[in-house]
Structure formats: structure tokens, C-alpha cells
Amino acid sequence: MATPTPTAPTFAELFTPKLVTVLREGYGLRHLRADAVAGLTVAIVALPLSMAIAIASGLTPDRGLYAAIVGGFLVSLLGGSRFQVGGPAGAFIVLVAAAVERHGVDGVILATALSGLILLAVGFLRLGTFIKYIPYPVTVGFTAGIAVIIFASQLKELLGLELPREPGPLLPKLAALWEALPTANPWACAVAALAVGAILALRRWRPKWPAFLVAVVLAAAAVALSDLPVETIGSRFGGIPSSLPAPRLPELSVEKVVEILPVALSFALLGGIESLLSAVVADSMTGRRHRSNCELVAQGAANIGSALFGGFCVTGTIARTATNVRSGARGPVAGMLHSAFLLLFMLAAAPLAAFVPLAALAAVLAVVAWNMAEKDAFATLLRASRGDAVVLLATFGLVVFRDLTEGILVGFGLGALLFLHRMSQAVEVEHERPVVEADKADTANGAERGPYDPAVATDRDVVVYRISGAFFFGTAAAVSAVLDRLAEHPKAYVIDVSAVPVLDSTAATTIEGFVRKAHRAGAAVYIAGARPPIRRALLLHGVRPPRVRFRTGLAEAVEAARARAAAGNGRPEDPSAAATTA
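With the first letter of the sequence shown counted as 1, position 545 gets the number 545 in UniProt numbering; the numbers rise by one all the way through.
Among these hints, one or two may not hold up.
Below, simulated DSSO-like cross-link-like pairs (lysine-lysine); rule was C-alpha separation at most 30 angstroms, straight line [what the hints assert, rightly or not]:
hint, residue 1, residue 2
1, Lys256, Lys517
2, Lys208, Lys375
3, Lys256, Lys173
Distance ranges between label pairs, derived from CB positions [to be verified]:
hint, residue 1, residue 2, range
4, Glu428, Arg126, 34 to 44 angstroms
5, Ser468, Leu32, 25 to 35 angstroms
6, Arg204, Pro245, 37 to 47 angstroms
7, Thr506, His431, 13 to 23 angstroms
8, Arg289, Val502, 17 to 27 angstroms
Treat the hints as calculated values from the structure; they're not laboratory data. Think of the CB as a built atom: it goes at the ideal place given N, C-alpha and C, for glycine as much as any other residue.
Please take these sequences and the hints and turn them into a complete structure.
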């Protein structure tokens with residue numbers, strides 16, 4: 001029974017949100033109850049994280065909540081993953097902080113909206129599939145670099161240092177922090193230590209408790225009851241609003257859009273990578289499959305929505321998504337309820353947020369940075385191979401000391417070169433003469449021979465080349481060096497490409513050059529086992545009858561080559577023969 005040919009997915013199949021899929025499958029009260037529990041659990045984790053990330057990015061804590069509420073809701077409503085939870089991510093801290101310093105808060109909001117439009121375009125153009133080609137060492141190096149930057153950005157708050165202006169680049173930042181070390185506040189250090197200790201203790205002895213929220217509440221209670229001299233959200237920002245602002249379009253002008261476009265591109269690139277990596281993690285935990293392009297469209301809509309309400313860039317977050325899965329979520333409703341619970345927290349408990357110490361929020365981000373560093377994977381890749389180690393360290397170093405986008409692009413380029421090098425070493429070209437029966441060999445060689453001897457029973461008029469492996473520009477030179485050995489001048493060549501999965505234009509041109517040389521030498525050329533895509537590429541580049549003939553299998557090609565050689569005419573110039581064998 002023939003296997004049906006797979007058809008390309010339709011537009012509806014690619015871009016239907018997973019929420020629609022879940023509702024079609026049947027969604028009852030039992031599923032809603034499970035999603036409500038998961039959504040509440042994730043909201044408890046996201047509440048301190050969203051404020052901490054906003055503060056670390058140079059913004060007010062309320063903008064982190066706006067992004068988590070509006071952006072997170074749209075990610076789950078429109079997304080292509082059942083379990084993805086969106087919101088502000090630690091990976092954006094460096095980009096957003098730099099953008100705030102250069103373009104102000106309004107510039108960040110405009111860049112967020114533009115990045116949403118870019119992500120919409122990338123999703124609808126179905127380019128999300130290509131993000132999966134980012135090599136694993138690049139993602140590990142990128143994540144580890146982000147972890148180092150996040151941890152360094154929290155040292156000021158962890159130690160309670162008095163630093164009027166904190167530099168952005170890592171080395172100047174560390175130098176400035178070292179100079180400000182005498183201004184350290186011991187009470188801030190104690191609050192940070194209390195928060196870190198509470199998080200670690202709860203994770204060890206009460207792993208189901210919301211460690212981040214409990215640690216922040218304990219630290220806030222200690223500061224409020226003891227009136228400790230440490231900075232809080234209230235003392236620096238005056239608290240947070242108790243409602244969402246009215247939606248408002250950012251100020252637009254051609255000059256401003258051109259100025260902010262590079263930042264928007266960086267937001268879109270990082271957001272797309274982060275969200276799809278998070279969706280892949282959710283797939284590995286649940287056995288489901290996400291729709292990558294639909295997910296990018298949802299991320300685009302979420303960033304536009306976040307910007308309208310004064311929030312900054314959002315993406316799918318691995319920590320919150322993993323928490324969502326572990327908490328028993330059944331579908332996207334959990335992520336939507338997570339945003340609803342965050343809104344309720346803001347409406348009901350906004351005055352209490354003023355007591356939260358900044359040192360406690362810094363402690364939360366420090367623990368997040370430590371957990372996201374993927375230390376075991378980093379060490380494994382360093383030992384795996386020299387190439388993987390180079391890609392890993394190059395990405396890590398550029399992310400830490402230069403730029404996030406530059407680190408991703410250079411790491412991707414090095415990874416691609418490493419892959420091409422490995423593929424070029426995997427190609428093999430075998431050169432042999434076909435074995436013939438003893439009497440045929442004797443007749444062909446024009447000499448009387450004794451008993452059959454396999455060492456000499458070969459056809460001297462036919463040479464067979466077997467090519468195996470990807471035949472592309474990276475391997476063309478090596479294959480060409482073997483094919484160009486025409487010193488023996490046989491009457492016919494057979495090139496077996498049945499084990500070639502890929503053949504590009506460089507490889508086709510290499511074959512065409514060989515056929516041209518063989519034709520000048522009076523030898524016929526047969527190509528065996530060319531699958532339709534490879535045959536089309538060869539025909540397109542001039543590898544066609546009458547100078548070459550195609551055969552389905554190697555044995556058929558060898559027999560045809562022998563017949564041509566026996567006829568004494570290596571040059572297949574007969575148009576009628578070409579027509580019957582093309």
C-alpha cells in the first residue's frame with residue numbers, strides 16, 4: 001500500500017491559536033479548575049519577578065506589571081503553545097536598560113510596539129521555523145551571558161551601594177561598583193541575605209511553596225516592622241498604581257521610528273528566540289507540539305498591546321512556563337488567568353507594594369540568574385569538542401562584553417561554519433572498476449587467462465565513482481579532486497549519487513565540469529540513482545543528454561556503460577539514442 005504524500009499545512013492549521021484547539025477538544029469545569037490553580041501559582045511567581053525586572057531595566061515597577069498583565073494575556077489568548085506564559089523576561093534587562101538611557105521611557109515603549117509589528121511580519125511570513133536552526137552552544141552561551149549580566153546588574157541593590165550613575169558595560173560597571181563599595185549598607189545586605197536564605201530553604205524543604213513571593217513578603221515585613229534604613233519601592237518610586245492606565249499610542253514620527261528601529265529589531269530578535277525556546281521546553285515537558293509561526297504572531301500582538309498600556313517588551317518565559325506545566329495546567333486558559341490574578345493583586349494590594357525592599361527584589365533576580373546559567377550544560381559543551389567550545393565561548397564573551405545581538409549572530413555564524421566543516425569531512429568518494437566474469441574480462445582485455453582471478457577480473461573500460469554524503473559547496477573541491485583523475489582514460493564513467501541526500505549548484509557545476517572533460521576525452525558518462533530533486537539540479541546546470549545519461553540503479557548504469565564501451569564509441573552523440581535514454 002502506497003504511503004500518502006504529505007500535504008503542506010494550510011493557513012488555518014498554521015495560525016489557529018491553541019486556545020481554539022483546546023476548546024474544540026472539549027473544555028469543562030475540571031479543566032478550568034486545574035487551569036485556575038496553575039494560573040494562580042504562576043501569578044504568585046510572576047508578581048515579584050515582573051517588578052524586579054522592570055526596576056533592573058531602569059523603569060518603574062508598575063510597567064513590569066502592565067507588561068505581564070496585558071502582554072501575558074495576549075500571549076496565551078493568541079499563542080501557538082498550550083502552556084506558554086508571557087511577560088517581562090530577564091534576558092531583556094540589558095537591552096531595555098540601554099534603550100532607556102539612550103531614548104528614554106517613551107523610546108522603549110515605541111521600540112516595543114515596533115518590535116511587535118516586526119514579530120507579526122516574521123510570523124505571517126512563516127520565518128519562525130528557521131529560529132530552530134540556532135545551535136545549542138549558542139543558546140547555552142547566550143543564556144549564561146545573560147545570567148552574568150543580570151547578576152552584575154543587581155550588585156548595587158544587593159549591597160545597598162550609593163552610586164549616582166551606574167555604567168552599562170560590564171567592566172566599567174564592576175569598576176564603579178568597586179569604587180562605591182565603602183558606601184555599602186549592611187542592612188540592605190542583611191535583607192538580601194534573608195531573602196536568598198528564605199528562597200533556598202523553601203526550595204529544599206517546601207518546594208511547592210511560592211519561594212519568591214514568601215521571601216519578598218518576609219523581607220518587606222522585616223523592613224516595615226523594624227523600620228530598617230533600606231530603600232523600598234515606596235521610597236524610590238512612591239508605590240505602584242492600583243489600576244491599569246488608559247491605552248495610548250506612543251508618539252510617532254519618521255525621525256523617531258528610524259532612530260529607534262535598531263532597538264526594535266533587537267527586541268524582536270531576542271523575543272522571538274526566547275519565546276520559541278520556551279515553547280520547545282514546554283513541548284519537551286508535555287509531549288505536545290507548538291505552532292512556531294502562530295506563537296510569533298501572538299508575541300507580536302502582545303508587544304503591541306503591552307506598549308499601548310505603557311508596558312515594555314514581553315516574551316514567553318521559561319521559568320513561568322515551566323511552573324505552569326508543573327502546576328497542572330491544561331491549556332492556554334491558565335496563562336490568561338495568570339494575568340487576571342496579577343491584575344487583582346495590583347488592584348487589591350498596590351499600597352502594600354510600597355514596603356517591598358529593593359534588596360529583596362534584587363535577591364530574587366540574583367537567584368534567577370544563578371538558575372538560568374545552565375552551568376552543567378556549559379561545562380559539558382566545554383568538554384564535548386573544540387568546535388562547540390569555541391562557539392560557546394565566543395557567544396558568551398560577546399554577550400557579556402559586547403552586545404546581545406552581536407553574540408547571537410556571531411555564534412550562529414561560527415556554528416554554521418562548524419557544521420559545514422563537519423559535513424565536508426563526512427563526504428566520501430569511492431573509486432573502483434566493476435568486476436566482470438572471467439571470460440568477459442579476458443575478451444575485454446584481449447588476452448588468454450587461466451582460472452578466474454578476482455584481482456584481474458575487472459572491466460578496464462568502465463570506472464565507477466560512488467559519492468556518499470551531502471554534496472555541496474563545502475565538499476565540492478574534495479569531490480572534484482577525485483573526479484578529475486582522468487589519467488587512465490576509460491571509455492565510460494558511472495557516477496553513483498544514490499547516497500547523496502543534498503546536491504547544490506556548486507556540486508552540479510562540478511559534475512558538469514567533469515562531464516565536459518570526459519566528453520573531450522571521448523568517454524561516456526552515466527549517472528545512477530539520482531533522485532528527482534538532484535536530477536533537476538543537474539539538468540538545470542547543463543548535465544543532460546546527449547553528453548550524459550541517467551539510469552535508475554547502479555547495475556543498470558554499469559551495463560549501459562559496458563555496452564557503450566564495447567561499441568567503441570564513447571561520445572554519445574546519437575540524438576535518437578539520447579531521446580530514449582534521457
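Here is how each hint holds up against the structure:
For the given pair, Lys256 sits about 60 angstroms from Lys517 by alpha-carbon distance, which is inconsistent with the 30 angstroms threshold. Between Lys208 and Lys375 the alpha-carbon distance is near 24 angstroms, which keeps this suggested pair within the 30 angstroms criterion. The suggested pairing of Lys256 with Lys173 holds, with an alpha-carbon distance near 29 angstroms, which does not exceed 30 angstroms. Hint check: Glu428 to Arg126, Cβ distance near 35 angstroms, so the stated range 34 to 44 angstroms holds.
For the pair Ser468 and Leu32, the supplied restraint of 25 to 35 angstroms is violated, since their beta-carbon distance comes to about 56 angstroms. Taken as a hint, the range 37 to 47 angstroms holds for the pair Arg204 and Pro245, whose Cβ atoms sit roughly 41 angstroms apart. At about 21 angstroms, the CB distance of Thr506 to His431 agrees with the hint of 13 to 23 angstroms. At roughly 26 angstroms, the beta-carbon separation of Arg289 and Val502 lies within the given 17 to 27 angstroms, and the hint holds.
Checked against the numbered hints listed earlier, the structure breaks hints 1, 5; every other hint is satisfied.
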